[in-house]
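A.B. asks: Sequence order for the protein chains is A and B.
Residue 287 in my numbering is what sits at position 287 of the first sequence, and the numbering runs on without skipping anything.
Just remember that my numbering sits 1000 ahead of the position in the second sequence, which is counted from 1.
It is worth saying that the hints were derived from the structure and are not from the lab.
For glycine and all other residues, C-beta sits at the position ideal for the given N, C-alpha and C.
Check each hint, because a few of them may be wrong.
Pairwise CB distance ranges (calculated) [stated by the list, open to error]: (1) Glu-339(A) to Gly-1044(B): 28 to 38 Å; (2) Tyr-34(A) to His-1008(B): 41 to 51 Å; (3) Phe-1018(B) to Glu-75(A): 47 to 57 Å; (4) Glu-314(A) to Asn-1047(B): 37 to 47 Å; (5) His-1008(B) to Ala-225(A): 37 to 47 Å; (6) Phe-1053(B) to Val-232(A): 24 to 34 Å.
Here are a few chain A residues that sit away from chain B, every Cβ distance over 10 Å (derived from the structure) [what the hints assert, rightly or not]: (7) His-13; (8) Gln-105; (9) Lys-141; (10) Ser-167; (11) Leu-169; (12) Asp-187; (13) Val-378.
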Amino acid sequence: MPAQNPRLQQIPHLASALAAVILGVAVLEAFQLYARSLEFRSITALAADDAIIDRDGPLGPIKNQGAALQQAAMEAGCLLPIYGSSELNLLQPYTRPFHPTILFQDRPTGFTIFPVGKAESTCLTILQKLASVAPALRGRKVAVSLSPSWFYMRLTVRPDAYAGNFSELHAGELAFGTRLSLRLRQDAARRMLQFPSTVANRPLLQFALENLASGSPLSLACYDAVLPLGVVHNAILRYQDHLSAVAYLWQHPVKTSSPTRPQSATPLDWPMLHRHADAVYRTHSNNNEFGLANEKWDAAFSQETLFLRNIRSEEPFLSTLERSQEWVDLELLLRELIELGARPLLLSMPIHGGWYDYCGVTSTARRAYYEKLRGIGVSYHIPVVDFADHDADRSFCRDPMGHLAPNGLLNYDQVLDGFFHDVIAPQSELPAPAPVASRGTEAVLPFPPGLRFPAVSGTLPQPVLHVRDSGQGVQDQIPNQFSREEKP
Amino acid sequence: MNLVDQAHKYHALWTDRFAQPWLRIVTLTIYYLGILVVLVALHGQGNFSTPPFIYQNF
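Start from the sequences, fold in the hints, and give me the full structure.
C.D. replies: Below, the structure written as structure tokens:
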């Protein structure tokens, strides 16, 4: 049979392969468009769903190790992304109603949050997470929640904890993302290479990071040579990410089919909420003098209290605080946020002053943390809310790690609300060393000065105040079992 | 007609049909698309799980 197109007949495989590749790319692009549309349509309902703070649920890896849902959250105007660690999802039933995801579920003031992170998501991890949503960050408000213990309990994050939060997609976006300056990528690469297990079985990423870190002209030429390959690899990971997100949304149709909850018209009554939180926490923190949650006290501290008294001194605390690599990572994170044009807010839980007094770390030593954090905020022109005025408040954190008690969560909620509405309060003065840490609404202002809050309406329930005997000298005693490992 | 003859017949028929360029191109395109689909099915599902670690939650 005579050939109708001799040239085509000569290269049938090439023409067919080319056609298949073009068709395949078109299908993938169409899928990506569909996936982004589905993610965007679902993200507000997803953010208001309890599953978003379920630390063991199937959504966790997709949200924390992927980028598709984070990207969708960045693009949704009524969501405030907050990056943090265990305080975002390590909850007890009695703290749950005060978590911003639950409190802002109906968007009473026009927004809800989108929490990203899990236990031990430190600055280096957040740095990589944000690199994966770099295009969406310009002009976007982002809150970053820091744990003080990252800075004074150890010199750097544990390798297994870092690996437990590692994402190849996020790391690849940082290594091959050209939106960030070369200098920043080099500095970040040097830190990332200090956790070799995460790149050991990822040769392309390892090669890129090593050459970035080296910085010699030859190394940078090698990096440039593999840059296109890295970009393609990241694209494949992004398709996988979209596929995972779409599969989750298909398997949980309630997230996609149910319309977003209508915005609530009821304003939040902050003073009443604070009184309620105080009353709730008093019933869950009544078996110890430190304001620790009962379950924490029973599980970890009640048997070792005498041993932990004055177990730590100022010197190792200040030494660790001074040398912690977490400061390096924090500065990398701030540089990234500035380069990408984001509008960040740094939140830090306060140190549990009552407990650390007992351990032998005085308020003067603890003040060094707040001062250093504020200094960095000033250097980078980034607002910092460190709740230093709650250092002595025994109703703010429910354990020495800084996990938030109901009142602490409410304070977080208020600051996030203010941040979203551009009415963030000016930084409070660092408090003078407090002789005795106290607790309850009598110890703190219910909300920072300068914020506008809804007027109180109706009769407020009166919480049952639990008067403590401050003469028991709690303050000169308080602890930290970690110091057993850190003490030289 | 024995089995060998039948095989020859069908082979000739297939060769004759496949000699048409458009059919050959379409068939090969479907074949390569199939390869791509298998590749996506094998490697499309990303693994976003992370190794477990003990969180010192005190």
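A.B. asks: State for each hint whether it applies.
C.D. replies: Checked hints:
A C-beta distance of roughly 33 Å is found between Glu-339(A) and Gly-1044(B), which places it inside the suggested range of 28 to 38 Å. Tyr-34(A) and His-1008(B) have their C-beta atoms about 49 Å apart, which keeps the hinted 41 to 51 Å range intact. As the Cβ distance of Phe-1018(B) to Glu-75(A) is approximately 50 Å, the hint placing it in 47 to 57 Å holds. Distance hint check: the CB atoms of Glu-314(A) and Asn-1047(B) are about 45 Å apart, consistent with the given range 37 to 47 Å.
Look at His-1008(B) against Ala-225(A): about 54 Å separates their beta carbons, and that is not inside 37 to 47 Å. Separation of Phe-1053(B) from Val-232(A) is about 31 Å and conforms to the stated range, judged on CB atoms against 24 to 34 Å. A beta-carbon of chain B comes within 10 Å of the beta-carbon of His-13(A); the shortest separation is about 6 Å. Even its closest Cβ contact with chain B, about 26 Å, leaves Gln-105(A) beyond 10 Å, as expected for a residue assigned away from the interface.
For Lys-141(A), the non-interface assignment is confirmed: its Cβ lies about 26 Å from the closest Cβ of chain B, beyond the 10 Å cut-off. The beta carbon of Ser-167(A) sits about 7 Å from the closest Cβ of chain B, which is not more than 10 Å, so the claim that it is off the interface is violated. Leu-169(A), annotated as away from the interface, has a beta carbon of chain B within 10 Å; the closest lies near 8 Å. With a least CB separation of 24 Å from chain B, Asp-187(A) remains clear of the 10 Å interface cut-off, as annotated.
Annotated as non-interface, Val-378(A) keeps its C-beta farther than 10 Å from every C-beta of chain B; the closest such distance is 32 Å.
Of the hints listed earlier, those the structure fails to meet are numbers 5, 7, 10 and 11, in rising order.
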